[in-house]
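**Q** Chain B: place on chain V using the hints.
So the chains spell out like this:
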Amino acid sequence: MTAEAARQGAAARPKRRFRITYVDVILWSLRLLILVVVVGGTIGTLIKGRYTIEHWFDFVMFGLTMGGIYALIALGYTMVYGILRLINFAHGDITMTGAFSAFFLARHLDRTGLLDAYPLLSMLAITALAMVVCSVIALAVERICYRPFRHVVTLAPLICAIGASFFLQHSFRGLFGSTIRSYPDPEWLKGKIDIAGFGIPLVQPMVIGTALTAMLLLYLIVQKTKMGTAMRAVSEDRDAAALMGIDVNKVITFTFILGGCMAGIGGVLYAMVYKQVYFFMGFLPGIKAFSAAVLGGIGNIPGAMVGGFFLGIVESVGPALFLDGIGITAPYQLRDLIAFIMLIMVLIFRPQGILGERLAAKRA
Amino acid sequence: MKIRRLLTIAAAALLAVGVFSAAQAGETKGPVTDEIGVVKIPKGAPIFIGGYWTLSGPDTALGLDQKRAVEIAFDDWGNKIAGHPIKFIAEDGQCNAEGGQTAATKLASNQRIVLVIGPDCSSSATPGAPILWKAGIPSVGTSTTAPSLTAPDRKPGYHGYIRTVYNDLAAGAADAEYFYNQLRCRTLATVHDGSPYAEQLVRVAENTFKGLGGSIVAAEAVAPTDVDMRPLLTGIATTKPCVIYFPVFVAAAAQIARQAPEISGLENTHIVGGSALMAPGFLEAAGDAAVGFVFTNPDTSTDAFGKRYPEFVEKYKKKFGEAPVQAFHANAYDGAVVALMAIEKVAVTDDKGNTYIGRKALRDALFATEAFDGIGGAIKCNEHGDCAAFKFAVYEFTNGDPSTFKIGTNPKKIFP
Chain V
562 MTAEAARQGA AARPKRRFRI TYVDVILWSL RLLILVVVVG GTIGTLIKGR
612 YTIEHWFDFV MFGLTMGGIY ALIALGYTMV YGILRLINFA HGDITMTGAF
662 SAFFLARHLD RTGLLDAYPL LSMLAITALA MVVCSVIALA VERICYRPFR
712 HVVTLAPLIC AIGASFFLQH SFRGLFGSTI RSYPDPEWLK GKIDIAGFGI
762 PLVQPMVIGT ALTAMLLLYL IVQKTKMGTA MRAVSEDRDA AALMGIDVNK
812 VITFTFILGG CMAGIGGVLY AMVYKQVYFF MGFLPGIKAF SAAVLGGIGN
862 IPGAMVGGFF LGIVESVGPA LFLDGIGITA PYQLRDLIAF IMLIMVLIFR
912 PQGILGERLA AKRA
Chain B
-11 MKIRRLLTIA AAALLAVGVF SAAQAGETKG PVTDEIGVVK IPKGAPIFIG
39 GYWTLSGPDT ALGLDQKRAV EIAFDDWGNK IAGHPIKFIA EDGQCNAEGG
89 QTAATKLASN QRIVLVIGPD CSSSATPGAP ILWKAGIPSV GTSTTAPSLT
139 APDRKPGYHG YIRTVYNDLA AGAADAEYFY NQLRCRTLAT VHDGSPYAEQ
189 LVRVAENTFK GLGGSIVAAE AVAPTDVDMR PLLTGIATTK PCVIYFPVFV
239 AAAAQIARQA PEISGLENTH IVGGSALMAP GFLEAAGDAA VGFVFTNPDT
289 STDAFGKRYP EFVEKYKKKF GEAPVQAFHA NAYDGAVVAL MAIEKVAVTD
339 DKGNTYIGRK ALRDALFATE AFDGIGGAIK CNEHGDCAAF KFAVYEFTNG
389 DPSTFKIGTN PKKIFP
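From first to last, the protein sequence lines are chains V and B.
Residues in the first sequence are numbered from 562 upward in steps of one, following my numbering.
Residues in the second sequence are numbered from -11 upward in steps of one, following my numbering.
Pulled out of the complex, with its shape left as it was, chain V reads as follows (with noise of 0.2 Å):
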């Protein structure tokens, strides 16, 4: 049904204007129940006053630290909905591949003393081999998993997207054991800084400051150049692009490169924040980022930066904010709980997301 005949089905109906639903009564309920939770967790929180400024501050900068690392995620999660309609979910692994691929060097770079006497050298060659790495595995999933699906309207792109996502995941387990490996902790990175009176590991504002760059050239090169054009224009109407002469699989290739090389400085920060690669490592913070991209309007660009931050900071803050001041012992271990609460909730009460997605008209 198109969006015209159903408003005018919609005109056609009669007004049930007070008419309320057992459905509304419960998802009204819900709102109330977390407002409640939201309010009176802050309230009793800031009464008990455990916490000082300077442990709020830590704790949104642990937010965006975390966020500016799910936005990056995000990007290549939204990048590909936006053009093919599809959610890659094996695009948390594709970033573990980069992390993992990317310890190798760091550890023989650490080894020979490189990694401590040319850091940013040392980080610039790391963080380019995790984005080719994350690139060709990228392309490599896209061609064999996705591509054969195209015109194909079916579950079967989803469920080769778990596929390859398991793929990925156990033959990393496979080819380099399941051990938890330890990343190099250079000295460079332990100190700690002062920002406006709180000092803060070193770590945190270099994480955000690469996530941030990285997310402007991104936002350049979308914008500003060609590719970046036609990519938006693929975005809007795959086939009327494909008539305007732009070459559909050439932009689809350059989308997954672009997300492919957003996971791999993800992964390498999340590594350089953790300093463990792990071949299940991608899981979580893959499915989480899923959760920024809808949070923030999947589709949307901007959205998935947005939402990236916003989760990370509620995740960081809201154990403390909102559950330790009702009373739940132990509230850090809801922190996920909390991350896909506000999945669902936006799933529920604003399907668009924060943003919501950018199209000149709404498809049907």
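None of these hints come from the bench; they were simulated from the model.
Hints should not be assumed to be uniformly reliable.
Claimed, not checked - Selected chain V positions facing chain B (Cβ under 10 Å, derived; list incomplete):
id: 1; residue: Arg611
id: 2; residue: Met627
id: 3; residue: Asp746
id: 4; residue: Trp749
id: 5; residue: Asn810
id: 6; residue: Asp897
Don't be surprised by glycine CBs; every beta carbon is placed ideally from N, CA and C.
**A** Only chain B this time, still in chain V's reference frame:
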């Protein structure tokens, strides 16, 4: 329609009666009658013994070490028991409930298995042991320390389960006493990961600590796969604990060890891990942050173990080319010996050379194990299946390179 339903009910009732009477009557094969069932091993055929430990993931060393110790025990018996060769089938329990369930189901489906040794993790034993016992297979836990597994009010599913490792009721109490008396701490914060082992252990430690006069300032929890510990540690830091105790597994513990030094407010706090961390995998995951890291553990030094322990270590080195890689190999060796002694005791061989083992009899023989001098100390089983005592120690890592892992020097014992 009505008649059909009546018939169905009657059939179900008959079936139930049949099953019930069969269970009552037990089974007779050859010369052996047993309440639960009898395994017949034809002449020359192997006796199947199962095992399940953590054989993959960050806690591999925990399981691998124990599986190896069991293999050494079999070697010491000439890989033969009751005149039959031993066929050993080891599965991966993955140190979680899903893995334990899968491994136990696989083993339970093989009715030739007479007994299972393992697992190493309480989270695998919690679903695993009842699945095995439902199939008539008793099991011998080798580093499963959670109090619930042998609690007097445990469910009947655990009645076929004994363990040749201490109970955390003892370990948790010893931990709390160490914090209170040796570290002279009066405030304690705990972190568990939701596993039966960690959760029950911290509860025992908390209660003992409170009993001694200390106070619990934070009782937190993480998920075993959590990587961001900073908000958690920041929250704990606001309570200014003297000691943070987190007996969790390698992945989460390594993150805590790495991130705790970055948290302001924890500079003077003792950061103490638990016995799952005595593994090269911890050094691999924590890197240089492991240097100076302290954890409580059963005492694995030669003087704490039985007299035959050094001899065991030599065999271990010879067979596997490295020294033991975790803390519970002696318990596993003793578990295997207890199992073999019980099989030997109940196995009946007829004049044709066929051997018969009663399942209930085997279970009873395991529980009746008494006064035997294991390489990990004295073994004597009580009516709930606890067979080993606890000897407390504290260890500290001295180097972050996994290749330098050697129990005694890295980590080295710092108490007593």
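**Q** Now tell me if each hint is right for this structure.
**A** Okay, the hints, checked on the actual structure:
Taken as an interface hint, Arg611(V) checks out: its beta carbon lies about 5 Å from the nearest beta carbon of chain B, inside 10 Å. With its C-beta approaching chain B no nearer than about 7 Å, Met627(V) sits inside the 10 Å limit, and its interface hint holds. Look at Asp746(V): its Cβ gets to within about 6 Å of chain B, closer than 10 Å, so that hint holds up. Given hint, Trp749(V) at the interface with chain B, is violated; its Cβ is 14 Å from that chain's nearest Cβ, farther than 10 Å.
A least Cβ separation of about 38 Å between Asn810(V) and chain B goes past the 10 Å threshold, and the interface hint is therefore violated. The interface hint given for Asp897(V) is met, as the beta carbon of that residue sits about 7 Å from the closest beta carbon of chain B, less than 10 Å.
Going down the numbered hints, you'll see the structure goes against 4, 5, while the others check out.
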